[in-house]
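Got chain A sorted already, so can you dock chain B onto it with the hints?
Protein chains in written order, with our numbering: chain A, 250 to 653; chain B, 250 to 653.
Keep in mind the hints are simulated off the structure, nothing from the lab.
Keep in mind that this is a model prediction, so the values were computed, not measured.
Fair warning: there could be bad hints in the mix.
[Unchecked claim] Which bits of chain A does chain B cover? Going by a derived footprint, with three or more residues having C-beta under 8 Å, they are:
#1 532-544
#2 581-587
[Said to hold, decoys possible] Straight-line alpha carbon distances no greater than 30 Å define the calculated BS3-like cross-link-like pairs of lysine-lysine that follow:
#3 A/Lys286 / B/Lys286
#4 A/Lys343 / B/Lys286
#5 A/Lys312 / B/Lys286
#6 A/Lys287 / B/Lys476
[To be verified] Computed footprint of chain A on chain B; a stretch qualifies when at least three of its residues, placed anywhere within it, have a C-beta under 8 Å from a C-beta of chain A:
#7 294-305
#8 311-319
#9 538-544
#10 565-578
#11 613-623
Heads up, the beta-carbon is just placed ideally off N, CA and C, and yes, glycines get one too.
Protein chains: 2
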Amino acid sequence: MKSPNVTKNSVISRVIQEQMEQGGFIRKAFELGLALKKQYGEDKVFDLSLGNPILEPPDEFRKELQRLVNNPFPGMHRYMVNAGYPETRAEIAKYLAEETGLPFTASEIVMCVGAGGGLTLALKALLNRGDEVIVFAPYFPEYLLYIAAQWGISRVVTTDSNFIPDLKALEKAITRRTKVVIINSPNNPTGAVYSKDTLRSIGQVIQAKESRFGTKIFIVSDEPYRKLVYDGKECLYAFGFHPRTIMVTSHSKDLSLPGERIGYVAVNPECNRGGELGVAIAFCNRAAGFVNAPALMQRVVSKLQWTCVDVSEYKRKRDFLYKELTGMGYSIVKPDGAFYMFPKAPVANDLEFTMELTSNFVLTVPGVAFGTPGYFRIAYCVEDRVIEGSLDGFRKTAEKYGLC
Amino acid sequence: MKSPNVTKNSVISRVIQEQMEQGGFIRKAFELGLALKKQYGEDKVFDLSLGNPILEPPDEFRKELQRLVNNPFPGMHRYMVNAGYPETRAEIAKYLAEETGLPFTASEIVMCVGAGGGLTLALKALLNRGDEVIVFAPYFPEYLLYIAAQWGISRVVTTDSNFIPDLKALEKAITRRTKVVIINSPNNPTGAVYSKDTLRSIGQVIQAKESRFGTKIFIVSDEPYRKLVYDGKECLYAFGFHPRTIMVTSHSKDLSLPGERIGYVAVNPECNRGGELGVAIAFCNRAAGFVNAPALMQRVVSKLQWTCVDVSEYKRKRDFLYKELTGMGYSIVKPDGAFYMFPKAPVANDLEFTMELTSNFVLTVPGVAFGTPGYFRIAYCVEDRVIEGSLDGFRKTAEKYGLC
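Here chain A stands alone, though its shape is the one from the complex:
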């Protein structure tokens, strides 16, 4: 489907045109949703399509931000080194050292413009043109954009019925050109949290291939949802399972600051030989146009590494919606983390199904957007009234497809 805004003989880069067109069906769904909101009113449309968390930042954040802004000091908005303030990086290193037992120092930490920025830095620092990057489907669609931006090649590997990586498929997919395997636990869009066994196995498969090919393969672990886990589940650090691991995260979800674009990249101390990787990633902050992560937010989050929004709120929303939807006949793997669920669509054509949901005033995203047709994503990081209001539409659609 052609994006409506790109015209013939366009001046726009062909790669960008193609990428925009690939997202065309999401745009169409999005525009249909907008049209519905306009026609019937915002409160009549139940938007579960966006991972824009409704929880406000914790009080500690507000206080720290006010403390800084009400006590300004010279230079607080100036440039700093590309890697970010040494004090903030030292504080994060201290936090990670406590969490992992690994000898993190500020040299392993680069402050970045959200996790999107961090993924861009990690891939830019590592990839040569044509290097392969493995992603597991369902995947966060931006991964493909970030890989393409560095002229890498995406290789998609499937997961099992619980959205856990298929290890045999992973083994097959790794070639001499594989440079990076991206993992994402807790996962967007499924909410899956990888177990110790899964992480260990992924590490083992990668290391066996490294030995065979004489190559070095990095895990880039995208962990913005790390603190959002439920029912006492543990979200393990990937660092322990592979020496060449780069963690990318942000405070978009744990502090509910997605608009502020503040996150960090952490390099496994075991693979930061002479600081080389940290220096290269910081350099990429320059080369990719970021320069540095926003100064004020770097200072604010410095002391908030142990802080998090009230996760029980998301758990409550998850439990309610999961119970209601499974009660209607929807088939859902109960998510252990993040604030998404990824139910099966009751028909093979997930696009048709989500359009039907939309016509019943419920906005979701078809699985095809995540490389996994036949499913759809619900983001339940919304007000209770939106979740409650969506139930009617879910029920009507379930009835139409004979679920209940």
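Okay, now just chain B, sitting in the frame of chain A:
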């Protein structure tokens, strides 16, 4: 010169390794400066090497930031559309419409992560692999990184003895593959401000080549120093001289907020056919990993478009230093804007000269870093005591090279 942190058999991307090595001499000078500061004390070393402005943000900025932070409202740190808050973009469009007389609307404005982010967006939206981008030497060195990041080819065109583009050289340099000409007035590193005649001629040369080749060529006008002009000089908008013009700017200099990474891209309404270019540039905020410009700063700068730091402070510093240095025999084109000057080195080897200055406790940047050997850059956006303190070192070095 090999960067000390990149080791043999490095895992780092080859392009990034090369780019880091190219900056090796600047790094060496930087490290020598650091060593001097460590050995003799910060106050004994006079650092004129960085464009990190000393002026604090205006009171209006502090007030607006405090007003927002002390009156928080739900959602103020959430995601917004990739292009940025519609209100902020409308305010900027209103400002630009008043300034230029052109019919700017929010559709022509994309909020970005500083001018570095904005240049990245504009180039990413426009360039196909192998497209050529013209830059005028002396140039801001990041241009080459940003062009390389989009796999474009940099074509360097010389300027005359006043650092004004050589139009014949420009004419020769434009080929069928030329997609962008980057201009930067007021200029880093020279402080040159392009006149109406210069801008008109650049537009005419480009348009003649477009007609001849049947191509479309964009001016990307990097204007973070637009408000920093002296002696009643006028900094004209490039929009008026070429329909395919994209302006990129930030509030790093006019509001002294370089660490906060807040700027915008403005597309000439004449070339934003059906909003196509604005949509593509906003999409690139996603694809390049920025997602959006920092939320809080977008809100803060919304009402500060008519605000600027006290430019007379920079003028005073310029006048003092220009008088002192020319008095010592240095040959300098008096800068009309920005906060740099670009004197001739009294020997051909500018690297040797700046190392000599460094050994006399004055840090500057050799012209070779800007593609123009035989010169050096002074950033005078520093405290008066640094400027005054540097005079001894400038004098000693002048004496050594027989200037006085």
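Cross-check of the supplied hints:
1. Counting residues of the stretch 532-544 of chain A whose CB falls under 8 Å from any CB of chain B gives 12; the rule of at least 3 is met.
2. Check result for the stretch 581-587 of chain A against chain B: violated, 0 residues qualifying (beta carbon to beta carbon below 8 Å, three or more required).
3. For a cut-off of 30 Å, the pair hint linking A/Lys286 to B/Lys286 is broken: about 61 Å separates their Cα positions.
4. The suggested pairing of A/Lys343 with B/Lys286 holds, with an alpha-carbon distance near 28 Å, which does not exceed 30 Å.
5. For the hint linking A/Lys312 to B/Lys286, the alpha-carbon distance of about 36 Å lies beyond 30 Å, and the restraint is violated.
6. Between A/Lys287 and B/Lys476 the CA atoms are separated by roughly 41 Å; this puts the pair beyond 30 Å, and the hint is violated.
7. Chain A is given as covering the stretch 294-305 of chain B, and this holds because 4 residues of the stretch bring a CB closer than 8 Å to a CB of that chain, at least three being needed.
8. With 5 residues carrying a beta carbon less than 8 Å from a beta carbon of chain A, the stretch 311-319 of chain B meets the three-residue requirement, and the given coverage holds.
9. With 7 residues having a beta carbon nearer than 8 Å to a beta carbon of chain A, the stretch 538-544 of chain B meets the requirement of three or more and the stated coverage holds.
10. Coverage of the stretch 565-578 of chain B by chain A is violated [criterion: at least 3 residues with CB-CB distance below 8 Å; count 0].
11. Check result for the stretch 613-623 of chain B against chain A: violated, 0 residues qualifying (beta carbon to beta carbon below 8 Å, three or more required).
Consistency note: the structure conflicts with the earlier hints numbered 2, 3, 5, 6, 10 and 11.
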